[in-house]
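Number of protein chains: 2
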Amino acid sequence: MAVYTHLSAEDLAELIAQYDVGRLVSAKGIAEGVSNSNWLVETTGSASAGTRFILTMYERRIEIEDLPFFLALLDFLSAHDCPVPRTIHDRQGSAFRTIDGKAVALIEFLPGVSVDHPTAAQARAVGVALARVHVAARDFDGARTNTLGIAESRRVLEACGEVALAAIDPRLPAALALAADVEAQWPGDLPASVIHSDLFPDNVLMLGADVSALIDFYFACTDAMAYDLAVTHAAWSFDKAGETFSEDVGTALVEGYESIRTLSARERACLPILAQGACLRFVASRAEDWIGTPADALVTRKDPMAFLRRLDFYRAQGTAAFA
Amino acid sequence: MAVYTHLSAEDLAELIAQYDVGRLVSAKGIAEGVSNSNWLVETTGSASAGTRFILTMYERRIEIEDLPFFLALLDFLSAHDCPVPRTIHDRQGSAFRTIDGKAVALIEFLPGVSVDHPTAAQARAVGVALARVHVAARDFDGARTNTLGIAESRRVLEACGEVALAAIDPRLPAALALAADVEAQWPGDLPASVIHSDLFPDNVLMLGADVSALIDFYFACTDAMAYDLAVTHAAWSFDKAGETFSEDVGTALVEGYESIRTLSARERACLPILAQGACLRFVASRAEDWIGTPADALVTRKDPMAFLRRLDFYRAQGTAAFA
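Protein chains in written order, with our numbering: chain A, 4 to 326; chain B, 4 to 326.
One thing to keep in mind: the hints can contain errors.
Just so you know, same-sequence chains aren't split out, so a pair can sit in one copy or run between any two.
Unchecked claim - No more than 20 Å apart at the CA atoms, straight line, and that leaves these computed lysine to any residue pairs for SDA-like: (1) 243 to 50; (2) 105 to 258; (3) 305 to 9; (4) 105 to 151; (5) 243 to 11; (6) 243 to 10; (7) 305 to 320; (8) 105 to 70; (9) 243 to 148; (10) 105 to 123; (11) 305 to 167; (12) 305 to 162; (13) 305 to 288; (14) 243 to 14; (15) 105 to 161; (16) 243 to 166.
Because the hints were derived from the structure by calculation, they are not lab data.
All chains, please: the whole structure from these sequences, using the hints.
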């Protein structure tokens, strides 16, 4: 949550001049994104592009060779009436440019705010939007391997090791056996599309109960659509600590999704194991970050137990969690 | 440069509803201010207030009892055609509210960007804007003591101590004798007004060569107008390291100022000592921060030597620095 690079007004004005968006009027570094720097930029505008944009500088984690995939996906989904910001191309038609060796992209600004405490009506709208992305993206001519699947989660947890996991929480080493078990049951042949795979409330902009934008597609990959629904279910239907399940929110999310795309009986049957895999991904990444971050760092560490609790819930409830 | 407090969309919507500005449409935490959290907020708007605002939460440093002074000053200057954002008052007429014990204010958004490498034309416009503030503020019915004057700078440097100062840079202990010398020569009876006292390029928004806004008045106080011009001269006329003086920028700043308000012969004669006092303020605060910040902290420490170099320049040049 920071701006990692200083861009002077002079740098910004020179960059903006490479696009048909008018002259620079305002630029504020915004506290969004953990691996990017972002600015909310205003210009005098042009007929084709509006006046407000998010300028993103890709600082780390994102492989530059993946950037054409991510940015083309935004353009494709936007053109197919999904609530997704499109990329503004420069005068030469490029979707991104580089400054001092770092890639930058100018992206459409869409209004809306991210909710902390979603209502059922909001979750329903998110389900609708997610299904529309899945259906549209089946025709998208691009693919990217999911690098954060269940095998990777197991590997990360094993690399953390039982001792370090137990030091975070005595119940956390149980994730090791759970990961092996979930991996053994993982369904490899469910209907796939390009999926968001990280649709937390932070990555959805809403106006009241309407979805105005799905954002931050930098984990998008080709994988099972039902897995994406399971990730979203785990991200939206619990309090942050994973202690309380909101049945009405979870139900509304799935109902909204199915109003656009009906799940097959097999997808439904697989939801509990997919949700457990989703939880293990966040248990693993949070445990890894926790071990790598000093307790007195300025960055707030996220508790991996918040997702182990969700996993326990999905394991106990089975398909009833998605009724 | 961070957002220190999380405000949920639900908190923000509830806050915004206390003002006659329409409904919340967007809110982005912005990376500005070292002692405040700030959000760029968009609403559906109202006839009287526009659609975009800066929401500021006062986190530290600022005494809540000073807030009515700062906010009333913005309103006064804005009403007197100075390029200063006004405060939006809530439905009960209050200039600020409190959330969880912290004060928040909704402030007019003004366009513009802060320049890194000012031109003479830009410096001239800043001189004009500064003089207009000084002239207007003489009629402002409020006063606040300067708590960061030369006596305080000397006290801070002495509290740092010779050993700690020398550990930063072997030339830095010289600031102790310089502070005593400058304090002994300090002119106590120059024409006063309410001054900004911290008008670095960061605190000026520009559109081309025009000043669109002076911002961040949270060091404003009652003090000599020529001192404020000297602070601004030291802040604008050098490269960041204080190694290179841009004579054309410095000259344009003073010329712009005098196009609105002519300096008396005595004020002119005092500029060199006022500028040395201005430099000592930043030498002192930077030395204090340096000593208080671990070398491996995420926060970048600012080098006090950058202002000791400026002080050396003003001492050597005398009134020629302002020719």
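Evaluation of the provided hints:
For a Cα distance limit of 20 Å, the shortest separation of residue 243 from residue 50 qualifies neither inside one copy, at 42 Å, nor across copies, at 39 Å. In this homomeric assembly, residue 105 and residue 258 never come within 20 Å of each other (Cα to Cα): the closest approach is 42 Å inside a single copy and 41 Å across copies. Only between protomers do residue 305 and residue 9 lie at most 20 Å apart by alpha-carbon distance; the minimum there is 15 Å, versus 27 Å within a single protomer. Proximity of residue 105 and residue 151 under a CA criterion of 20 Å is satisfied in neither setting, with 24 Å inside one chain copy and 41 Å between copies.
Taking identical chains as interchangeable, the C-alpha atoms of residue 243 and residue 11 lie at most 20 Å apart only when they sit on different chains, with a minimum of 13 Å there against 37 Å within one chain. For the homomeric pair residue 243 and residue 10, the shortest alpha-carbon distance between copies (15 Å) is at most 20 Å, but the shortest distance inside one copy (35 Å) is not. Taking the shortest Cα distances, residue 305 and residue 320 never come within 20 Å of each other, neither inside one copy (25 Å) nor across copies (56 Å). Taking the shortest Cα distances, residue 105 and residue 70 sit within 20 Å of each other inside one copy (12 Å), while across copies they are farther apart (41 Å).
For a Cα distance limit of 20 Å, the shortest separation of residue 243 from residue 148 qualifies neither inside one copy, at 29 Å, nor across copies, at 46 Å. With identical chains, the CA atoms of residue 105 and residue 123 are never at most 20 Å apart, being 41 Å at best within one copy and 31 Å at best between copies. In this assembly of identical chains, the alpha carbons of residue 305 and residue 167 lie at most 20 Å apart only when taken from the same copy (16 Å versus 38 Å across copies). With identical chains, the CA atoms of residue 305 and residue 162 are at most 20 Å apart within one copy only, with a shortest distance of 19 Å there and 39 Å across copies.
When the C-alpha separation of residue 305 and residue 288 is checked against a cutoff of 20 Å, the pair qualifies only within one copy, where the shortest distance is 10 Å, while the shortest distance between copies is 35 Å. Taking CA atoms no more than 20 Å apart as the test, residue 243 paired with residue 14 passes between copies only; the shortest distance there is 17 Å, against 39 Å inside one copy. Proximity of residue 105 and residue 161 under a CA criterion of 20 Å is satisfied in neither setting, with 33 Å inside one chain copy and 44 Å between copies. Within a single copy, residue 243 and residue 166 get their C-alpha atoms no closer than 26 Å, and across copies no closer than 49 Å, so neither meets the 20 Å cut-off.
Against the hints set out earlier in the document, violations occur for numbers 1, 2, 4, 7, 9, 10, 15 and 16.
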